[in-house]
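Hey, can you work out the whole structure from these sequences and the hints?
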Amino acid sequence: MQISMTVNGNEVSSEIEPRVLLVHYIREVLGLTGTHWGCDTSNCGTCVVLMDGQPVKSCTVLAAMAAGHDIRTVEGLATGATLDPVQQGFMEEHGLQCGFCTPGMMLTARALLDKNPHPDAGEIRQAISGQICRCTGYATIVRSVQWAAAHPAAVAGAGLEGAAEVLDGTDTVVEDVATETDDAEVKA
Amino acid sequence: MQIPAPFDYVRATTVDNALELLTRHGPDSRIIAGGHSLLPMMKLRLARPEWLIDINDLYELDYILRDGGELRVGALTRHTTLLEADEIAELFPIVRDAEQVIADPVVRNRGTIGGSLCQADPAEDLSTVCHVLGAVAVVRGPAGERTLTMPEFHRGPYQTAVGQDELLCEVRFPIRPRTGSAYEKVERRAGDWAVGAAGAAVTLAEDGSIADAAVGLTALGLDQTVAGVAGLLRGKHPSEELFADAGRLAAEASDPVADQRGPVDYKRHLADELTRRVLRRACARAAQTAAQTQEG
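In the order they appear, the protein sequences are chains A and B. In terms of the working numbering, the first sequence is numbered consecutively and its last residue is 188. In terms of the working numbering, the second sequence is numbered consecutively and its last residue is 1296.
Think of the hints as simulated: they come from the structure by calculation, not from any bench. Be careful, since some hints might not be right.
DEER-style ranges, computed between Cβ atoms [what the hints assert, rightly or not]:
no.: 1; chain 1: A; residue 1: GLU15; chain 2: B; residue 2: GLY1069; range: 48 to 56 Å
no.: 2; chain 1: B; residue 1: LEU1044; chain 2: A; residue 2: GLY53; range: 26 to 34 Å
no.: 3; chain 1: B; residue 1: GLU1252; chain 2: A; residue 2: THR41; range: 51 to 59 Å
no.: 4; chain 1: A; residue 1: THR41; chain 2: B; residue 2: ALA1089; range: 28 to 36 Å
Ideal Cβ placement from N, Cα and C applies to all residues, glycine included.
Quick look at the structure:
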């Protein structure tokens, strides 16, 4: 069957089998492999994309069902070299280690901030409760989203500077030690 | 990689069109709404429809409407909408209690009340909520519309009275004054199916005694409400002793099975303890509502 939808602002159109899941359509037909494919059972949340602005698990949506809708993937977060504040936040606050859950986490965070620009830690934890991270223990993800909430306007070129910092390494390590106490406060 | 077996896909444009498509494609066709129960079953070949009729474009079935003494909810209303609707939380706090613990926020963006009720999973929360609130299901088919009480609609695990050529279109909740309701679930982790859950609705009389009450259980081996609860509570004033008696009744009525979520005796204990908790909370809410009504 023929389907058309908007993906990251671009009109796409393809001939597909009705049984193709949205996650596989995005990854294999469109070649946008930033959306990860994980558990296949709508548990892990790494396949989350935004459908008309709302996070959905793309392993449990047919591509055919997404036809006519507006899809946003992790590739659609940055504007050119300018990272979305959520992406910048994940860099600043070490919101990822292996990175597998990250695309889904960031899109859910984007949708949360669009709806509620100043979520507290509990609201952030609630929003990402359908997504699994096995590296961070979630504390740094919560802080990353809080960073994004505190820096709503993306700064041009900030992404590239940030990337250099992370590669350099030393500053980041010091920062992590410094934020241990923040974590205790969040839990309390 | 889990992929459903091949099927044909068609989008319904109206309720009538959906009914026509169901008639045309017969027993090998299935309705899909949120798809978060059906697609996983299709991946595992537990369901193998040849036609999927997608009703997600039927915005006419996505509404929450107060109509006299009833709240009418369209079958395509998403869990997220139910969770966030203040009018529902005010009239039926049990719905918000339950929606907060149904699946997870992302799944709730897709799943619908109609899909949940038609799936009739024994661990599904809204069936219990609808039983307890005395909801009525409005089902349409080629022969017209029929309304079913929950005991008529819900025939058992994974079984409803909705015929192959019919579509659940609406759920109606009777609005009762001086009434409170509550739901509580125990789950192993966020988004998991219930180990056990209970829901209650209580209506108070003018003198503060209980005029009517219903208790339902989820995932504890009881499809209908707990028999005898209304008889036990009616005419008596809410008390811990009374809640304990109702808890015992619920535990006796439950028929849980041992699985990886827990042994039978633990689940029976949950039926007892959760019944006490939801009755306690439902009574407190009913008293609050009654006080507000008097002030008003």
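Comparing the hints with the structure gives:
no. : hint                              : in the structure
1   : GLU15(A) - GLY1069(B): 48 to 56 Å : holds (52 Å)
2   : LEU1044(B) - GLY53(A): 26 to 34 Å : holds (31 Å)
3   : GLU1252(B) - THR41(A): 51 to 59 Å : violated (35 Å)
4   : THR41(A) - ALA1089(B): 28 to 36 Å : holds (30 Å)
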